[in-house]
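Trainee: Full structure from sequences and hints, please.
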Amino acid sequence: MVKGCDGRALVELLKERQVNRENVVVVAPDCPGILRASGTGKGSDQILARYCERCISPVSPLFDIRVTTGEKTRVGTPDIHGKNAKGAPQETVSWSEEFQNCVKCLGCIKACPLCYCTECSLDGSLPSLVSKLRIPQELWTFHLVRAMHMAGRCVDCGACEAACPVGIPLTELYRRLNEEVERLFEYVPGLSLESKPPVEFPRPSR
Amino acid sequence: MRPYYVDEQSLRRLVDLVSPSKSIIAPVRHRDSFLFRKMSPGEEPCLDYSNTAVPPKFVLLPQLEPLLSYDIRRGEAKSVDQLSNDVILLGVRPCDSSAFVVLDKVMSGQYTDPYYAARKGRTTVIGISCSEPAPSCFCDSMGTGPTEGASDDITLTEIDGGYVARPRTVKGMRFIEEMKGVFRSATNAEVEQGEARAKLVRDKLRGGLEIEGLQERMSAAFSDPYWQEISRRCIECGICSFICPTCYCFDVAELVLGNRGTRSRGWDSCQFCTFSRMAGGLDPRPARSDRLKHRFYHKLVYMPRTFGATSCVGCGRCATRCPSNVDIVEVMLRWS
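Chains W and R are the protein sequences, given in the same order. Take 1 as the starting number for the first sequence in the numbering used here and just add one per residue. Take 1 as the starting number for the second sequence in the numbering used here and just add one per residue.
None of these hints come from the bench; they were simulated from the model. We treat Cβ as the ideally placed atom computed from N, Cα and C, and that holds for glycine. Check the hints yourself; a few may be wrong.
As the list claims (entries may be wrong) - Computed footprint of chain R on chain W, listed as stretches where at least three residues anywhere in the stretch have a Cβ under 8 angstroms from a Cβ of chain R:
id	segment
1	14–21
2	94–108
3	122–130
4	155–163
Mentor: Right, here's the structure in full:
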């Protein structure tokens with residue numbers, strides 16, 4: 001049973017030969033989005049997560065069984081060039097400040113549906129690009145190496161951001177890299193099994 | 001010691017009122033949550049908060065602590081200067097304050113850690129009673145709150161327009177004396193209002209957890225399939241450890257640039273698969289279920305056995321922030 005973004009992740013995992021299609025039966029319900037607390041303590045409220053507001057695929061693009069209530073889904077049908085994809089407001093983020101809050105719990109990595117390496121270059125198990133400890137000077141390396149690995153692969157499910165205990169707006173970062181990949185390679189991750197991932201088949205658009 | 005009163009405005013402006021040789025660490029709002037930060041001049045703390053995302057344990061146990069520095073070519077090594085200024089840790093919730101007692105038992109019991117002891121000696125904890133416990137709070141069941149923290153040097157209780165400040169240690173009394181212009185003796189009416197508020201919040205939290213006998217029952221359940229079952233959800237991140245006010249495990253690393261290097265220690269998590277792996281590849285906790293089980297046994301069985309106190313203070317952070325809903329309360333209820 002997959003949400004739209006989980007289904008997109010499954011598409012990418014199939015392309016990266018991490019899942020055997022024959023071993024899974026995919027059930028795709030309508031996804032109304034995920035609610036997140038808008039604050040803590042007094043007056044906290046539940047609001048739709050930012051990454052769900054700009055969702056381009058509320059139903060999994062890949063399924064064996066489609067489950068629907070018959071009601072119109074919140075965002076509508078996949079519309080990658082529509083307002084949901086392009087019109088979503090970009091937040092101004094001071095990344096130095098955000099990264100300074102990072103406690104390096106590896107929650108973003110472990111929660112990500114597309115992180116599957118058994119030996120991760122960022123978790124401090126040798127050989128590693130960064131120390132296991134939280135060295136302030138290494139936080140940019142940590143986050144940018146991860147971001148480069150997400151470029152053209154991130155399905156904007158928001159699992160990293162939801163996991164982050166200090167609220168680093170990680171999807172904002174990966175989303176911008178995805179936009180660059182789309183501009184250069186005309187590739188949007190997770191929407192079809194046929195389109196070739198740019199990491200495997202580099203094809204600059206011009 | 002007799003109670004004092006401090007008005008809200010003065011407390012907010014405390015950073016501008018204390019001597020510049022002291023730094024103030026207090027909660028501030030950050031996005032949808034709160035974090036403890038060092039206050040800059042003019043900055044106001046946010047004392048109307050339920051719980052911070054990361055506990056203030058980093059004040060006594062920094063996430064990265066340089067221990068010694070060395071020069072390989074010269075063959076010299078020297079210990080890194082320890083922090084020299086006093087720290088006022090303002091606005092600590094009872095659970096987090098009580099967590100320092102657990103850290104004390106580990107870091108300054110039979111064997112004293114000089115780094116921890118130095119920080120502890122220079123830190124004054126100004127605790128604050130809870131007024132609105134979060135739905136995830138269970139400090140009352142753990143005996144760590146909600147009205148006063150066990151490591152408070154001063155405990156503040158909110159009343160109309162200000163706070164009743166109760167000094168609890170000599171260090172707390174000394175701070176109040178230093179800040180004579182800010183604190184004044186509380187009137188009987190103010191003290192009574194503070195007590196009424198404290199009673200109100202105690203009534204809000206009704207302990208639903210029975211931890212009596214938990215240690216024995218868990219000891220007998222070490223091989224229960226429950227641990228495998230619950231760990232199927234775990235994604236093996238370190239969120240629970242890093243946001244826990246009592247988790248203290250650390251790793252030591254050498255950071256070398258050219259001929260110079262630093263040996264530092266920093267937070268580690270028993271949930272990482274590298275944590276207990278030894279040279280040669282042997283790992284006493286090879287499976288994910290071994291590691292998750294260890295977290296609960298350490299807090300609820302080994303700590304009571306070794307130090308006579310559970311090391312869960314009921315702040316609820318791990319239960320609310322776990323990406324896969326592993327809930328320590330669920331575990332306690334299962335074995336209570």
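Trainee: Of the numbered hints stated earlier in the document, which are not met by this structure?
Mentor: 1
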